Amino acid sequence: MVIDQTNQASAPSAAIRIANLSFAYHTKPALHDITLDLSAHQITALIGPSGCGKSTLLRCCNRINERIAGAHITAGSIHIHGIDINRPDIDLQELRRRVGMVFQKYNPFPKSIFENVVFSLRLSGIRKRSELDEAAEAALHAAALWDEVKDRLHTSALGLSGGQQQRLCIARAIASQPDILLMDEPCAALDPIATLKIEELLHQLKQQFTIVIVTHNMAQATRCADHTAFMYLGKLIEFAPTLQLFNTPRHPQTLAYVTGSFG
Amino acid sequence: MHNPESLIRKGLPKGHLKDRLVRFSLGAVTYLIVVIAALLFFKIIKDGAPVLLTTKAPYVDLGFLLDKNETLHVFDDAQGQRHQLAASKYSAYVKDHASETIYNEQTFSYSGGGIIGPIAGTVLLTVGSMVLALFFGVSAAIYLSEYAKQSPFIHAVRLAILNLAGIPSIVFGLFGFSVFVLAVPVITSTPSERSLLTLPLFIGNAVLSFQGWNSSLLAGCATLACMILPVIITASEESLRAVPQGFRDAALAMGATRWQTIRTCVLPFSIPGILTSSLLAITRVAGETAPIMFTAAVAAKDDLPWQSLANPFDLLSSQVQALPYHIYTLAARIPASEYTQRAQYGSVFVFLILVASLSFGSMLLRAKLRSKLKW
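The listed protein sequences correspond, in order, to chains A and B.
Quick note: the first sequence uses our numbering, first residue 771, plus one each step.
Quick note: the second sequence uses our numbering, first residue 43, plus one each step.
These are calculated hints, taken from the structure and not from any lab test.
A couple of the hints might just be wrong.
[Claimed, not checked] FRET-style restraints, in silico, Cβ to Cβ: (1) 220(B) / 898(A): 41 to 47 Å; (2) 922(A) / 216(B): 56 to 62 Å; (3) 907(A) / 169(B): 41 to 47 Å; (4) 169(B) / 900(A): 50 to 56 Å; (5) 898(A) / 413(B): 32 to 38 Å; (6) 194(B) / 958(A): 33 to 39 Å; (7) 958(A) / 216(B): 45 to 51 Å; (8) 58(B) / 958(A): 54 to 60 Å; (9) 836(A) / 194(B): 46 to 52 Å; (10) 907(A) / 349(B): 48 to 54 Å; (11) 901(A) / 407(B): 35 to 41 Å.
Note that the coordinates shown come from a computational prediction; the quantities given were computed from them, not determined experimentally.
Think of the CB as a built atom: it goes at the ideal place given N, C-alpha and C, for glycine as much as any other residue.
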């Protein structure tokens, strides 16, 4: 594993600190000894071929993997802002409120746009209309969707285009003011124009959130990410500032992957 | 190609006759079934429709639908004119014509008046059993699809539930009789003599007595609910599984608990599916005779179920009439004659319309909900 030392130096500000993490589905190992520090207010891209464990790693950060029977961490730890999130006394709901997630396939609920955005607020028991309205507007502004939907907040979210639905999912994820935003191939189901909009959005969101994005699109990683991690077969091969990883990769496997001569 | 002429056949195609024969006999079987069904419906409609439908507005014989069931009296008066009167009208007639003699009097049980009693009883049984079955069925389905780990044991449980659907309804009737009528516990201060077991509760002189609910609306509803539980559980589980996984993931990722996820993001979207498949169960509940024969139904009852009750809860412990059981009584317990036909065919016709409209309603509802909920 090649780790850029400059990154190690900035470790104290790490939002997510993954140390020697190994993970398995039942007996089938999925991640091997991954050590990775992700800095706050940066975009980190996880790249690598399908099945290399990018999504698994992402899903470890809000423990949503636990939904799958038999999925468990076999070694190592993940600290978020210094707290070990696998402690038995973690408030799982609060953790997920602080670590938002956007999925590959946009999945708004078949409810109104407004109800989608305020879903997490309603979960935490906020009933006051003015508070909900305010939060919904702020989240939709942040997701660059407000101007497109402000006149139809109470119509079904399923009437939006694919790109709008995905931005609605982003708005929904950031409505509860998380610190970290995990994005699992957020543009995989979108056309290039919608993808571009999401990428522009990422740059704005970076001011507020620490973003981890899984992507298959290497061009997307170069356009958006400050740092990029290349994973292969459940191992972290190389982690470096994006330009460095793509222009002067240190590991031959990274070179093979980013130049397309993989295999 | 060697000898291309061989491509052209001489005479009929190979197996032509056999093909024709198979096609004909399969078609004949199909249309035979259609003809039998058509004859059945034709007979019921031909004999039943005149009872219910009239030529004058409102075109429906409301008396038949809304009057209580009574014994029919048939007699000739002194002028030789034949009268058919239900018991209450008959006694009024006798009072008015006290001086006259009547001749050739015959009585036919259950054949006079209307069928409001059986209709009301069927409605109560249906509503009650659907409430019970939906509560227990949806709870079990939520557990099976959302909480239970998919282990061999859960598969066995699911298989057992599916197999319940194949049990004949008479067996459910006897089960309901032995459990709900005779054995379930009730809290009472005066336990029955045949109570299987009484446990003191130390609250006043109340005891928990395993003496059953007797033949009652509640016992009938519980028995019917048991009968349709497998259908409801299976259908509900399917509907719950049809809700996309993404909704659950999204809700969990936003900090919802398991139950919040189910309550806000799974159950609301599966309710249309649960309800439409449950409507099919309603037609079955409304139509079954065997499960209620021993547990709830009574052939004759003077009052409507909700009349002359000491308190509203007595409704649950009273026996009721029911349409399918009424039809069974009319068909099997009284001699058929020209005077009983009105009650017999009329009841069957009303019953058929009831069940048909329920099925039709469920089809409409399903079509409407399907078009509304898509993802």
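Going through the hints against the structure:
The beta-carbon spacing between residue 220(B) and residue 898(A), approximately 56 Å, falls outside the hinted interval of 41 to 47 Å. The hint said 56 to 62 Å for the Cβ distance between residue 922(A) and residue 216(B), and at roughly 59 Å that hint holds. The hinted range of 41 to 47 Å is satisfied by residue 907(A) and residue 169(B), whose Cβ atoms lie roughly 46 Å apart. For the pair residue 169(B) and residue 900(A), the supplied restraint of 50 to 56 Å is violated, since their beta-carbon distance comes to about 42 Å.
Range check, residue 898(A) to residue 413(B): about 36 Å between beta-carbon atoms, so the 32 to 38 Å window is met. One distance hint, 33 to 39 Å for the beta-carbon pair residue 194(B) and residue 958(A), holds here, with the actual separation near 36 Å. Against the hinted window of 45 to 51 Å, the Cβ-Cβ separation of residue 958(A) and residue 216(B) comes to about 58 Å, which falls outside the hint. The hinted window of 54 to 60 Å between residue 58(B) and residue 958(A) holds, with their beta carbons roughly 57 Å apart.
Taken as a hint, the range 46 to 52 Å is violated for the pair residue 836(A) and residue 194(B), whose Cβ atoms sit roughly 22 Å apart. Distance hint check for residue 907(A) and residue 349(B): the Cβ-Cβ separation is about 59 Å, which falls outside the suggested range of 48 to 54 Å. Against the hinted window of 35 to 41 Å, the Cβ-Cβ separation of residue 901(A) and residue 407(B) comes to about 38 Å, which satisfies the hint.
Hint check: violations occur at hints 1, 4, 7, 9 and 10; the rest are consistent with the structure.
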